[in-house]
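Protein chains: 2
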Amino acid sequence: MTSRDGYNWTPSEGLQTGVPTIGKILPESNVSSNEKPYDVIVIGAGYCGLTAARNASLEGLQVLLLEGRDRIGGRSWSSNIQGYPFEMGGTWVHWGQSNTWREIMRYELHDQVEKSFNFEKGVKHFELNTPNGVTTMSHEQEDELLASALNKFTNIDGVYGRNTIPLPHDTFRTLGSADLDNISAKDRLNDIASILSPQERAVLEASILLASGGTLETTSFHEFMHWWAMCGYTYQGWLDMLITWKFKRGQSSFAIRFFQEALESKRLKYAFNSPVSHVRDNGKQVEVTTRDARKFQAAKVISAMPLNVLDRVTFDPPLSSGKQSALKIKHVNQTVKVHAELSNKDLRSWTGITYPHNELNYAIGDGTTPAGNTHIVCFGGQQNHIDPEVDISRTKRAVQSLFSAENYSNSHPAPAVERLVFHNWSKDEFAGGAWFFSPPGLLSNHLNDMRATHGNVVFANSDWALGWRSFIDGAIEEGERAALIVRRDLLGAKFDAPRL
Amino acid sequence: MTSRDGYNWTPSEGLQTGVPTIGKILPESNVSSNEKPYDVIVIGAGYCGLTAARNASLEGLQVLLLEGRDRIGGRSWSSNIQGYPFEMGGTWVHWGQSNTWREIMRYELHDQVEKSFNFEKGVKHFELNTPNGVTTMSHEQEDELLASALNKFTNIDGVYGRNTIPLPHDTFRTLGSADLDNISAKDRLNDIASILSPQERAVLEASILLASGGTLETTSFHEFMHWWAMCGYTYQGWLDMLITWKFKRGQSSFAIRFFQEALESKRLKYAFNSPVSHVRDNGKQVEVTTRDARKFQAAKVISAMPLNVLDRVTFDPPLSSGKQSALKIKHVNQTVKVHAELSNKDLRSWTGITYPHNELNYAIGDGTTPAGNTHIVCFGGQQNHIDPEVDISRTKRAVQSLFSAENYSNSHPAPAVERLVFHNWSKDEFAGGAWFFSPPGLLSNHLNDMRATHGNVVFANSDWALGWRSFIDGAIEEGERAALIVRRDLLGAKFDAPRL
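Residue numbers (this note's numbering), protein chains in the order written: chain A, 12 to 511; chain B, 12 to 511.
Next up, chain A with everything else stripped away, as it sits in the complex:
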């Protein structure tokens, strides 16, 4: 099945819009013409909406799941192209991510994960390319450099943030923690500029932007520290939890389990290609209207739409001023993620940073395709932002620029690009960017606003999760929270409680 989302380019076929995915659902709807009001309508079929719809339907509620796209997964989905999975968005998982891993165990997929990195063959080095020149080093040296830089950046209290953010799920627990949200990554870099070597500064800035997808000025230092704390306050944890384990068969092989299990309940109705335009709550019932003017009623609504596109839906009564402020501020992540299949078969163990002058700054060898070519995954962001589909030659050049000419010769030619696969998240009307990353001030001022329920509408999204905010894990956390709120509101605690 081919989704209309995503792009696939090859030299022979040129640019194709839409890529195959098991996340595309057909028939696109199982809604009959005369449905009674639902118990709950869930808007959005990313991991948050899927979790909410699954839990609510399993727990006895009649659920309608509405999704603007033709597929499940939201900002995390995979395309299998000729038997090889490409991750279009959220990719990596780890058992330190409590909600994700719990689901992986639930679906017995723990033996279906594998490592992205493989440092065992071919070109086993890290290329650091800055305006000061090119340095080629071993992966051990790469780790040492990155660890040193990240440790300096995060060591705000002598213990790498442990005292300042002791419990990241309760992130503003200490007095000093909220202060970190008043400054940007740039501010923090300026504070420690004198103790950073030029190489440390380069890899640090590239790492920060790899996390935030914004600019150094728009990246909240607190939010970076929150990620760091979630990773156990160490570089090793950072690597392990952020960029190591992925699904052998791609994210959509995981997301589909949620959808299938919800269907098993026989209480799930769904409609894809059904973007919502209007949500009206009369205090007793909520009416949800799609762009094509279909109307659905339910006792409750779970809005699982991301922050950056929530202002495309009108709410009646209007949202609180706090929520409206957050919607106006938006998050800053405009990550550009491009998969490239390279003719060079020996780059499986290669990594590189080309910063700050390239449109793609950061890349790693991520697999070997069935043709034996190397698959690398490349990241750019707000800085030197590109829309990869607009100028494929430029995108190809950005990929090739990750490999510095001086490392290649006639006998060892720089790799040719055989395929590009990507999703343009910035132009995506249902995402408005990649994973959440906050600018200074947004969370310390508005986290509770974003999380607040509005009448009969519960707002749930990874963008305002407490733990792995921005991650698949945060989406599941929020979906579970929303389903529980709704079920308890509807089914209540009307039971004969024993004396406890």
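One thing to keep in mind: the hints can contain errors.
No more than 20 Å apart at the CA atoms, straight line, and that leaves these computed lysine to aspartate or glutamate pairs for EDC-like [stated by the list, open to error]:
1) A:K126 with B:D168
2) B:K277 with A:D50
3) B:K126 with A:D181
4) A:K259 with B:D181
5) A:K277 with B:D500
6) B:K277 with A:D500
7) A:K277 with B:D50
Hints are computed from structural coordinates only; laboratory data are not their basis.
Since the structure of chain A is already known, use the hints to place chain B on it.
Then chain B, alone, in the frame of chain A:
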């Protein structure tokens, strides 16, 4: 409400059997005389059984929960004595424990945890007492000593086990991993004896026994490495995940949430004080008989009883030979956990190891009681094993022996014991020991046997979880697994599947 479990001793009141807990449920049963056959009977109301009963009842099944005790929680429960919580068994939680933390977030208890350690006041040192003498050192030195010893013990592959057990949930994934289960902690200690200082060896042995509750000979080296891998392969992770965060109001304040939510479903029947003696599966229905000859029928049974007491129940048809072997081998953990309230108000920041000659080897300052006294928690095990209630004077002496005479004088007297609180897990007929810890060979030979379903009976327990086996987390993992198996078997996948 007072459970018959647990002991509380004070100088004025002497030894009392039974302590108060919100985990005791009254009325003890809500079963009517003429119940229809249930969908599922869950045997055991520890975290595993509670999770299974909650999930199954929320997801539409009619559930009967049978428990031999008068309380929920199994091997994890807390007693509030004069407003102060004592943890009788499993205590610590962390967001690296995926199932536990997910539940903590579900019940919005993430701001209800606090740290056990507080190294800010009074006597801020670590006392190491061995036959070679007493050494008093700072907590920084304690950490350095323990980290060095643990790193030597676990560094089997140059990267502290990372290559040998890369994914601990799939613990026998690599060839080398199962080999670790052929040797004991003692074997490994012998291998590295030449590189351990006497102090390192002492704290290492005490740490191993703190984990296993067995002897060095009966402790599987693999299982220790599995714990280590789950903790992120570092001493800091070991501390963070095993012994740092606890509930401000005690474990029972967490467990009760599962029970309450299951009741909300209105599909939960339960009976406490109902130990099961016999389980008979005729292939279509299972009959469960209690010791007092009450009989209950269900389509499915989830046995959530621990390994060490499973042989007290007869199964018809008989269990597989593999399962029977595991039941015969048993796990080795005979931890003795004793809480002591000490007259000395300045010991909040104290820690100590007295090894190997004391009955209690390991202790930490864990809180300050309402009276301003210091609460310490002390651990012993199979070595020098005591039943603390049998000879209170001896138990008191073991507590006092943790404080070496040379650190005290007339002006700084050794602390007097004002209260002892404990549960004797070894004599507990429903536990047969503390948390699971395997002897060499048990898991590499029988993990799959222990996990296997037997006709209509699903076996679920933390003792054979894949992730945080032995922990509350593993119990929840297993309860979720069992409920899913049962629901899918009963409700099936009889739905009109869309083309995916």
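Hint consistency between B:K126 and A:D181 [alpha-carbon to alpha-carbon, up to 20 Å]
Between B:K126 and A:D181 the Cα gap is close to 14 Å, so the pair holds against 20 Å.
Are the Cα atoms of B:K277 and A:D500 separated by 20 Å or less?
holds (15 Å)
What's the verdict on B:K277 and A:D50, does the C-alpha distance respect the 20 Å limit or exceed it?
holds (18 Å)
Under the criterion that the straight-line Cα-Cα distance not exceed 20 Å, is the pair A:K277, B:D50 satisfied?
holds (18 Å)
Taking only the CA atoms, is the gap from A:K259 to B:D181 under or equal to 20 Å?
holds (15 Å)
Restraint check for A:K277 with B:D500, where alpha carbons must lie at most 20 Å apart:
Holds - the C-alpha atoms of B:D500 and A:K277 are around 15 Å apart, at most 20 Å.
Is the straight-line distance between the alpha-carbon of A:K126 and that of B:D168 20 Å or less?
It holds: about 18 Å lies between the C-alpha atoms, which stays within 20 Å.
Every hint from the earlier list agrees with this structure, and none is contradicted.
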